[in-house]
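S.K.: First to last, the protein sequences are chains A and B.
Residue 1 is where the first sequence starts when you use my numbering, and the numbers rise one by one after that.
Residue 1001 is where the second sequence starts when you use my numbering, and the numbers rise one by one after that.
Worth flagging that the hints you see were computed from the coordinates, not collected in a lab.
These numbers were taken from a predicted model, which means no experiment stands behind them.
C-beta: ideal position from N, C-alpha, C; glycine also.
Incorrect hints may appear among the rest.
As the list claims (entries may be wrong) - The list that follows gives simulated cross-link-like pairs (lysine to aspartate or glutamate, EDC-like), each with its CA atoms no further than 20 Å apart:
hint, chain 1, residue 1, chain 2, residue 2
1, B, Lys1233, A, Asp301
2, B, Lys1048, A, Asp349
3, B, Lys1280, B, Asp1378
Stated by the list, open to error - Just a few of them, taken from the derived set where beta-carbon distance is under 7 Å, the chain A residues facing chain B:
hint, residue
4, Ile181
5, Ser184
6, His267
7, Asn269
8, Lys304
9, Gln356
To be verified - To list a few chain B residues with every Cβ distance to chain A over 12 Å, as calculated:
hint, residue
10, Pro1184
11, Arg1249
12, Ser1461
13, Ala1479
Given next are the chains, with one letter for each unit.
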Amino acid sequence: MTDRRDALMQLFSAKGSKVNTNRGAEYYDNLAVQMQDRLDELAKTPAANKISIDGILENEGLSRRDFMKWASAACAMLMLPPVFTPMVAQAAELMNRVPVIWIELQDCAGNSEAILRSDAPTIDELILETISLEFNETLMAAAGHAAEEHLEEAMHTFKGKYLCVVEGSIPMAMDGQYGTIGASGETFKDHLIRVAKDSAAVVAVGTCATFGGVPAASPNPTAAVGVQDIVKGKAIINIPACPANPANITGTILHYVLSGQVPELDHLNRPKFAFGYRIHDNCERRAHFDAGEFVEEWGDDGAKNNFCLYKMGCKGPMTFNNCSIVKYNSGTSWPVGAGHGCIGCSEPDFWDKYAQERPMADTHFKAPTGGVEKTVDEFGLGLLTAAGIGIGIHAAISATVGKSEE
Amino acid sequence: MSKKHIIVDPITRIEGHLRVEAVIDENNTIVDAFASSTMFRGIETILKGRDPRDAGMLAMRICGVCTGTHYQRSIEAVEHAFDVTIPKNARIVRNLLQGALYLHDHTVHFYHLHALDWVDITSALKADPKLAAQEAFKWSDEPYMAGEGELKVIQERVAKFVKQGRLGLFANAYWGNKHYKLSPEQNLIAVAHYLQALDMQRDASKMMAIFGGKMPHPQSIVVGGVTCVQDIKNPARIAQFKSLLNKFRNFIKRAYLADVLMAGTVYADEALDGTGGGLKNFMSYGDFKLDDTGFYGAEQLFPSGVVLNGDLSKLHPLDQTKIAEDVSHAWYEGTGKPEHPYEGTTIPKYTGLNKKEDGFAYLKTEEKYSWIKSPIYDDHRVEVGPLARVVIGLAAKDPLMSKYATGFLAKLGDKLGLGKAAPASVIFSTVGRTAARAIETELMADVMMGWVDELAANVASGDLSTWTEFDFDEVSKDAKGFGMAEAPRGGLGHWVVIKDGKIENYQAVVPSTWNAAPRDYKGRMGAYEAALIGTKVANPDEPLEILRTIHSFDPCIACAVHIVDTKGKELGSFKVNTSCAV
Chain A
1 MTDRRDALMQ LFSAKGSKVN TNRGAEYYDN LAVQMQDRLD ELAKTPAANK
51 ISIDGILENE GLSRRDFMKW ASAACAMLML PPVFTPMVAQ AAELMNRVPV
101 IWIELQDCAG NSEAILRSDA PTIDELILET ISLEFNETLM AAAGHAAEEH
151 LEEAMHTFKG KYLCVVEGSI PMAMDGQYGT IGASGETFKD HLIRVAKDSA
201 AVVAVGTCAT FGGVPAASPN PTAAVGVQDI VKGKAIINIP ACPANPANIT
251 GTILHYVLSG QVPELDHLNR PKFAFGYRIH DNCERRAHFD AGEFVEEWGD
301 DGAKNNFCLY KMGCKGPMTF NNCSIVKYNS GTSWPVGAGH GCIGCSEPDF
351 WDKYAQERPM ADTHFKAPTG GVEKTVDEFG LGLLTAAGIG IGIHAAISAT
401 VGKSEE
Chain B
1001 MSKKHIIVDP ITRIEGHLRV EAVIDENNTI VDAFASSTMF RGIETILKGR
1051 DPRDAGMLAM RICGVCTGTH YQRSIEAVEH AFDVTIPKNA RIVRNLLQGA
1101 LYLHDHTVHF YHLHALDWVD ITSALKADPK LAAQEAFKWS DEPYMAGEGE
1151 LKVIQERVAK FVKQGRLGLF ANAYWGNKHY KLSPEQNLIA VAHYLQALDM
1201 QRDASKMMAI FGGKMPHPQS IVVGGVTCVQ DIKNPARIAQ FKSLLNKFRN
1251 FIKRAYLADV LMAGTVYADE ALDGTGGGLK NFMSYGDFKL DDTGFYGAEQ
1301 LFPSGVVLNG DLSKLHPLDQ TKIAEDVSHA WYEGTGKPEH PYEGTTIPKY
1351 TGLNKKEDGF AYLKTEEKYS WIKSPIYDDH RVEVGPLARV VIGLAAKDPL
1401 MSKYATGFLA KLGDKLGLGK AAPASVIFST VGRTAARAIE TELMADVMMG
1451 WVDELAANVA SGDLSTWTEF DFDEVSKDAK GFGMAEAPRG GLGHWVVIKD
1501 GKIENYQAVV PSTWNAAPRD YKGRMGAYEA ALIGTKVANP DEPLEILRTI
1551 HSFDPCIACA VHIVDTKGKE LGSFKVNTSC AV
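Bound conformation, chain A alone (with noise of 0.2 Å):
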């Protein structure tokens, strides 16, 4: 028993499953001039959207200060030193020259609705509205022709440099007629590849866009995928989740204003700033996971005493997703504070693998075979069930100790 504690120790403590945050003084001066180099050349571009941050600052009633209190956060949310905090401020206020074409897809409209719920009277929402948004449907006023003119024009004006962000999936099955958009019927995957052509780089929000999602849940209907199994030979970043935290999304298009590049992706596309981490590895219920102490059944003592929900099907040893920091609703809560385990939504097949309220040992799934990777970026499915089953394990240890102690 000792061992497998042991050996379930060194799976969540070892080296390879954190990610770098320092990487040395060289490291970062070079990065800090390539970063300058690029603001100073999109400063000396003209502004797609003249708004000044410091216009929006005095309308909102919010100082400067604050301002640069949101900038710092930013930048250790970056995983950047803090010297780097005036550079990230600047990108902020050159964020406007980034334009943004949204579309939906295969969606719920939930990564939109997202986005207009987010964060409560922080920046970030604010810096995404002076972006220069040149077209999402659910929010834009012009309908049908006016519309596709509007796109049309958006993605000629600012060829090669808009961001597109996509929303939804991609039905492939029957021609790709089961979703058709605009007067012509232009079926999804058209759509996507037109718009996607001439962007900067390609941001799939959600777990739809992303790997599929919902749409792609067995038996998938009507064969959707993400866009990554669409779109070639652009810069894609991955923010998944369902729906993806405004935070992140926010993140990686700051990231894109300060670099010109996209953000360190791991082996999913998914920036690491955000999916760095595992859920359980910042967890608030952590403690009560390492001390042996479980939810047993809903509203019993346990969920009373906010104990760890692993045992009523918690996800978060298998999932890497930013949520146990950032939360969401500025951070009103999250899933876990609000008593109920995590699904996995942001990694891909969760559907079929994780958003059940068993824990992986009891499931009927089939274990995938593998070897036992660490990192985010080699971890897996092999280990995910693996882990399921130390952690299953470690779960009924803790609780025979718990008692015996008792």
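Here the structure of chain A is known, so what remains is to put chain B in place on it, guided by the hints.
M.R.: Quick look at chain B alone, frame taken from chain A:
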């Protein structure tokens, strides 16, 4: 000039993918209309074979806008099948979650999805902020942040935005169209509230996050109850909810209601002549359980029923066995006659669009033209939604709904100088549909204040119970149930058949299925289509009036699209227990 056939695709400022085609005659009047959903996912198929306890999470993803409401209906369907009655705390928390969704959804709908059909942003630039501040007092005794100074700041902010040359989301709209009727001052007030509502709605979503964990797609409801025991246990958390609610309620009364009254008065001609009235048949499933009686026995905030031909004097009791679905004009194979949803087949039969030389692809309106089926109640096409709830409330002589509705009509009559309340018939219009939503929002905000206190008192009395235990293996052997209630957009039902612990069949018939449906086997129009007929458009190249009426329904198209089996097989049948008619 002959008739003109126009396509509006995409219809923006909605959830989902919707196309409308309209035929406009030489007098610029819409003489024919067709609504089509152009996207399909098949979520109900995906649900089959899963553990019924997990269905809610997935079913919720039918829609990211009315998100929590699908979650609740799905969980309720399973609870109904298992005959599990949830604890009082869970009932109140669920009511608060859905109530907050109503407030959020309706407010965002009015300001961010619908207002630009009534409000000309560019006109606001011509307003005199001083006069606008005075104007605001016509519509509210305490106008919401609409003093001269505040309006001036907003105007300058908008002017700056317009001046920089890129209108972004506001580009290429129909600014200056002569069917925009508000004065520059009125437009300025509305624009100010459009921007303030962006802030306010974040607070409303915080309310949902308090008990739901996050929004959209909350995560605290489980079969048997709710999981947020920590949040109800904490008096500060409940107080936070109440304080956010109070703040939002303030906005609803002083801004939302006032603006709707203002628009309703200015556009009263269109309400009085019944523009956008449509079917005039209405249905409500009823919702918001007010006591802890078991399934479908509890008293409800919104009564259920059916009203036909706009006859408020006659309320027909709702009998769900009278619901049938027809696929004559939907992309599914059928027998040619309407069938009960659980007895009919669902075989996809996509017949495509008609590509013409002008480069456009037109709906084959004589044949099949939408992914949405045509639901029928007792062989009537009916409309669902806030207007239906107000109509049913009035017909049922529900004291609460009557109070709020007649209160609004009295104010409207006063503003129009009628010397009496505006006639109830004005609600059978596009304007009325929009007003009904506002009336209901105010009612909900007031009622919720009491619910929060009820929850606090119950917890203070020592009741911390949030979940009802059940023996899953026992109850899930062979069971079926349904969750029927009112989403913000109207009657929503999820039906589930469970066998040996797994979902055998799953069906959802949702508000936009009722409203956005194509024609039926008798060639009768769906609610959107009927509402467009007879509408005059100022400029056929600018479908402003079409958007106005379609938006008044608050379309949610992802929800509406029906199930399909990949192999086109029958999805099994589900006989409805007639004793369960609600």
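S.K.: If a hint holds in the structure, say so; if it doesn't, say that too.
M.R.: Tested hints:
no. : hint                     : in the structure
1   : B:Lys1233 with A:Asp301  : 12 Å, holds
2   : B:Lys1048 with A:Asp349  : 17 Å, holds
3   : B:Lys1280 with B:Asp1378 : 15 Å, holds
4   : Ile181                   : 6 Å, holds
5   : Ser184                   : 6 Å, holds
6   : His267                   : 25 Å, violated
7   : Asn269                   : 22 Å, violated
8   : Lys304                   : 5 Å, holds
9   : Gln356                   : 4 Å, holds
10  : Pro1184                  : 18 Å, holds
11  : Arg1249                  : 18 Å, holds
12  : Ser1461                  : 16 Å, holds
13  : Ala1479                  : 18 Å, holds
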